[in-house]
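*Asks:* Next come the chains, spelled out residue by residue.
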Amino acid sequence: MATAGEIAEAYADWQTRCNDNRRLAKMLRNWDRVVHLVASDTGDGFTVSVAGAVLADLETGLVGQPDLVVTATSEDFADLFWGDLNPSEKYVSGEIVLAGSSEDVMRLDAMSMVVFLDQ
Amino acid sequence: MVVVGAGYSGLCAARHLHSAGLDVVVIEARDRVGGRVWTELTPGGAVVDQGGQWLGPTQDHLSALAEEFGVATFPTFLDGANVELRAGDRHEFNGLVPTSDPDASADAIAALLELDLLCLEVSPAEPWTHPDAVRLDQQTVGSWVSENVESEAARDLIATAVLAVYGAEPSELSLLFALGYAHGGGSMSALVRTAGGAQELRFVGGAQQMAIRLAEVLGDRVVLDAPVVGVAHGPEGVTVVADRGQAGGGRAPWRVGAQWLVMAMPPAVQSRVSFEPPLPGARDQLAQHAPMGSVTKVHAVYDEPFWRQNGLSGQMIADAGALRAVFDDSPDDASHGILLGFIAGHTDRRLESAGPDGRRSIALEELARSFGPRAAQPAEFTEQRWSAEPYSRGGPVACFGPGLLTGCGEALRAPVGPIHWAGTETAVAWSGYIDGAITSGIRAADEVIAEAGTR
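Note that the protein sequences, when read in sequence, are chains A and B.
Heads up, the first sequence is in this note's numbering, so the first residue is 1 and it goes up one at a time.
Heads up, the second sequence is in this note's numbering, so the first residue is 1 and it goes up one at a time.
Everything labelled a hint here was simulated from the structure, so no lab data went into it.
Treat the hints with care, as some may be off.
[Claimed, not checked] Within a straight-line C-alpha distance of at most 20 Å, the following computed EDC-like cross-link-like pairs (lysine to aspartate or glutamate) qualify:
no. : chain 1 : residue 1 : chain 2 : residue 2
1   : A       : Lys26     : B       : Asp101
2   : A       : Lys90     : B       : Asp79
3   : A       : Lys26     : B       : Asp103
4   : A       : Lys90     : A       : Asp104
5   : A       : Lys90     : A       : Glu75
6   : A       : Lys26     : A       : Asp104
7   : A       : Lys26     : B       : Asp79
All chains should be modelled from the sequences, with the hints used to inform the complete structure.
*Replies:* Written out as structure tokens, the structure reads:
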């Protein structure tokens, strides 16, 4: 189990890596979205906004109307943000759930593949 | 009723008609059922699927059929690192995309995403209704890639995926067709993936078993070794003429009359049957414009899946050479090891002249490069060249070229008098796959049942 603080710390690392990733920046063009993260075990909620190809700071709590909702265990969120967990396997097996339009789900999936090319 | 073709499509059509209480005869050219699905037992006792073999998520009809006949499934082996042969070098990678050239992989992922997003716009049932259908249908997948993907290495990755999925070169496939086809299975990525995609599960004992069981249910209503050569049709029904093998040897023409006919085969095979009166121009032209992909499956059988001990999954992709994609095809109990390789597209056509021994040594050399010298010494080796099969003429599926869907697409499923069209090429969901074969047969049978109800 990971606390909200640990997830925030991991996210800050992830945020820096993503915002420095020029390959990802290309894919984030014209994709301004609000993503809610729900930790299934602790019930903690977080909000990530993407605007102008930049990931904003993590907000605590579910803020605003989400385009996408990602549900996973707190541990998986922390591992994913530290870059230790490639989410595609857990997504395929249904342990990580993405809810949103087909288009947004496809984009998020592709983006995570690009991020994890360097891991 | 007559059903021509005892692949999954024809067999499912026939069973559906039979269950509705209608008399049915299935006429099959080969001396076996299953069509493009064929499981062979090697002399050494290995089960090899020479044709269609996988089950993926949302292929609910195939999965129901397996359950009905008690055929178990197991996941395609995936643990360990995959191998990539690129620009003459060997690399290992984890996950779906190679990491040896991250820029190229990122470009390929971005391109695949764009194709996935485009495919959501294209109706798998009626691709020609897309507002931009003509523009999409005058391009090929290859021309789209040339215009939209900068790096050559990324283009190679996409070509490898296209060859593995369609058995055809990107330059042979209409973009509109490729998008509608992919949408029918969910997305292009769904077709490419193993876990979570079209290659996720295999059948214990092979993929042909359900076809054999369906044929058992139909009993002597299935007639083998009787290639249909001609169909006479009119408002009152059809007369089908087959060249039937005789019990004591020899062949003789066999005429079967019926009120309705279901043709369950790819358009290119259908086009070799003569129709009297001739089929409407659009339907005949459709069949002329829909060549089969070209694919050969090779299986190398070893006493054990030795690559697993070296941390390898048995999956390989290559940017050149004969084998562009390889999978671990060992049985569930790993009692022996099997590597399955695909030779597809132009390479498959060119390697005709190499002959079986030439192809075998090329394939084994590439397997050894990927998985180590042991791979060069299989206990058994098989190859199945689908282009050499007169009743498939290629595989895995018909590849529709530019202009076909916008020009003749509406003729794909439109009945011609008493003649109804089945075969996986006519499916809406999972066209090109076993699941699509099943639903296309049931759909054609339902058309006939509806018409029979009004007479």
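*Asks:* Now tell me if each hint is right for this structure.
*Replies:* Status of the hints after comparison with the structure:
no.: 1; hint: A:Lys26 to B:Asp101; result: holds, 17 Å
no.: 2; hint: A:Lys90 to B:Asp79; result: holds, 14 Å
no.: 3; hint: A:Lys26 to B:Asp103; result: holds, 12 Å
no.: 4; hint: A:Lys90 to A:Asp104; result: holds, 18 Å
no.: 5; hint: A:Lys90 to A:Glu75; result: holds, 13 Å
no.: 6; hint: A:Lys26 to A:Asp104; result: holds, 16 Å
no.: 7; hint: A:Lys26 to B:Asp79; result: violated, 32 Å
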